[in-house]
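Chemist: Take a look at the letters that make up each chain.
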Amino acid sequence: MRRFCEGGGAEPPAANRRRAARLDGTLLPASHGCAVAPGSSKTVRGHFVRALLLRDLRLAVRAGGGFGLALAFFLIVVVLVPFGVGAETSILSRIAPGILWVAALLAALLSLDRIFALDWEDGALPLLATSPLPLEGVALAKALAHWITTGLPLTLAAPVLGILLSLAPTATSWLLASLALGTPALSVIGTFGAALTVGLRRGSLLLSLLVLPLYVPTLIFGAEVVRRGAEGLDPTTPILLLAGITLGCLALLPFAAAAALRINLR
Amino acid sequence: MSIWEYANPKKFIATTGPALPWLFGAAGLCLSVGLIWGFFFTPDDFRQGSTVKIIYLHVPSAFMAINIWIMMLVTSLIWLIRRHHVSALAARAAAPIGIVMTMIALWTGAIWGEPMWGTWWVWDPRLTSFLILFLFYLGYVALWEAIEDPDTAADLTSVLCIVGSVFALLSRYAVLFWNQGLHQGASLSLDAEENVHDVFWYPLLVCLAGFVLLFVALVLLRTHTEIRLRRMRALEIRAARARA
Amino acid sequence: MSLTVTDLCCARGGLPVLQGVSFALAPGEALILRGPNGVGKTTLLRTLAGLQPPLAGSVEMGEAAYASHADGIKAQLTVAENLAFWAEVHGVDLPADIYETFDLTDLRDRLAGTLSAGQKRRTGLARLGVIGRPVLLLDEPTVSLDRGSVRLFADFLKERYLAQGGIAVIATHIDLGLEAPELDLTPFKAVPSAVGGSDEAFL
Amino acid sequence: MMVDLGEYSRYVLGAYGVSLLLLGWIVWVSFRRAAKVRKALEEVEGRDG
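Chains A, B, C and D, in that order, are what the protein sequence lines are. Once you know that position 143 of the first sequence is 219 in the working numbering, the rest is easy, because the numbers rise by one and skip nothing. Once you know that position 234 of the second sequence is 247 in the working numbering, the rest is easy, because the numbers rise by one and skip nothing. Once you know that position 200 of the third sequence is 206 in the working numbering, the rest is easy, because the numbers rise by one and skip nothing. Once you know that position 13 of the fourth sequence is -7 in the working numbering, the rest is easy, because the numbers rise by one and skip nothing.
Rather than coming from a laboratory, the hints here were simulated on the basis of the structure. Note that CB positions come from ideal geometry on N, CA and C, so glycine has one too. Keep in mind that a hint or two might mislead.
Beyond 10 Å from chain C on every Cβ pair, some chain B residues (computed) [said to hold, decoys possible]: (1) Pro22; (2) Thr29; (3) Phe52; (4) Phe54; (5) Leu248.
Computed footprint of chain B on chain D, listed as stretches where at least three residues anywhere in the stretch have a Cβ under 8 Å from a Cβ of chain B [as the list claims (entries may be wrong)]: (6) -12 to -1; (7) 10 to 18; (8) 21 to 28.
Assemble the whole structure, with the sequences as input and the hints as a guide.
Modeler: Rendered as structure tokens:
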């Protein structure tokens, strides 16, 4: 779907109106945002994406709350559940896998609308769109930055919170595995949702409505892995399906997110 | 005259306009015949008793709920590739009808199951996938409403529809995996050996035809409205620019 | 690599705004876009940058760098970090004398958030200097700059940029003191009955 | 002629009632909106031509 510019100068945008209509910025970008910037001194290497990722991580740390926000929310939700459900450990341990996964999902959802909002407000997005860094790379870098600031800490903190909900000890390793495999999907899907709603005024509420249904498969398989782990059953099927979904999202959704960004930048 | 000629909004209204009353008439006829036939003239099912009569609403509405989303997917693809406005507006017009059909499918599904399952709602895979489809519809309509520029809205909702369809399919099988079904087998599936008994079958087909005709009529009517709204907006912008 | 625009027609919000815009710039030349607000200066620059598709006409040019007054400088990063980031994204090395040229030497390690509007704008312009694209598309680059900084910007553009064969298209209301040709876009304003743009199908 | 629905009559009537209500509502809303927009368009066309 990406059109690479053939050498020489940047290919001029479509000559006549008919082609202009088809080549507009929806899926096929015109001359800008070419992956291979013709004539530029450096060929394309992954270092652009790394540059954006490192910058976002530095911003998250400097702005503070980058790492802590999702963790705090995760802790609060997990602590609140026993107050609502009661302290009966047998009940808690049965629902622990689901609660941990739903809390992780909501914590990831919390910080989605900040992904593109900062770059949109200070005008960095059009600059990134006209740089050699393809928008797909931008979407991937943003998803990775979101995962490192929210997905990763959640995964590492989950076992500790599992104890709060008296999660069966055999399930802890499966909890770690399922969250480690599932949270990247949450970040990439979330980045797609953020790209869709980047320009909108009250976009964050809409973002949750758009993204939550997309989280259903990951949630079902993720929680199922932990539940089977807790009951000593064999969780290979759900964990394979979970990994499959995550890999599919990582491979395809950056293109959808880039298309949405291109539309919003028009 | 190729089919793409119909993409011109004015020509689209001109050609499909006169067909509307006929479509509504045919839909009304099929619906009333089908429902009355199914309601009054079919015997009770030995197991389910008279609740089997709900089949005449549940199956067509469930059938429509899925196919309206597929229609929206096709029109979104047409819009993204051929940039024809009528197809994007038709997708926008179809979504609310899809919501109503999904609500009917959910409502009748819950009521139909109540006597047998003993509760109003049970997390049966088929009913649950309709609940998820309902959420997708809500997100789709909400995105349309949230964006002012009609072109951007059409593009973004098309991308959402495409991605949403993939995830709807994923959810369908995730839900199947998650809870072994209590739902009755596919009453209309062609391969099912024990199909719906003939006497229930014909009224069901008539009802189905009624639902399809009603949808086509409604979506045409609503697409005309969307086209007129868009024309109004274009006229007002042009007038404003001419004055400026 | 020159910049040639032939018979360009661009739209905003579904209606054509400009039509039949044609001009050519050889390396080393600049062009000032004039015209009242809303005539389509920003739309033209965004179309040239490729951020939005033209309705008709064509543009031949080298790589373009688009910059509006929102210059994408992050407040929590220092000036050095901002410039280093953009250098790495564009795959070029940070020119050593960039701080002297833009009189940012003492601001080097200050957080961009603590800079004054003028200093922030100079950092934005330094960013353009860093990425070194053959064509610069600048939308009101000297907004909120005092006279001194405007002259500094004009000097930079003349010596460090146009002299090395760069091309610049600048939309501005302020007199930059550049002896560059000016193009008033008012004659290219699309007539109300102009065709093109997505609303045309409905009118 | 009223068919005997047995003890499930509440359910069947409930299902039919709500479904026909919903169908009726979407048809009514669509017609009302179509008329309102058609009138508004004629008015705008009159003014802006």
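Chemist: For every hint, state whether the structure bears it out.
Modeler: Here is how each hint holds up against the structure:
1. Pro22: violated (6 Å)
2. Thr29: holds (16 Å)
3. Phe52: holds (45 Å)
4. Phe54: holds (49 Å)
5. Leu248: Since the minimum Cβ distance to chain C is about 7 Å, leucine 248/B lies within 10 Å and the statement is violated.
6. -12 to -1: Answer holds; 9 residues pass the 8 Å Cβ test.
7. 10 to 18: holds (count 6)
8. 21 to 28: holds (count 5)
Hint compliance for this structure: hints 1 and 5 are not met, and every other hint is.
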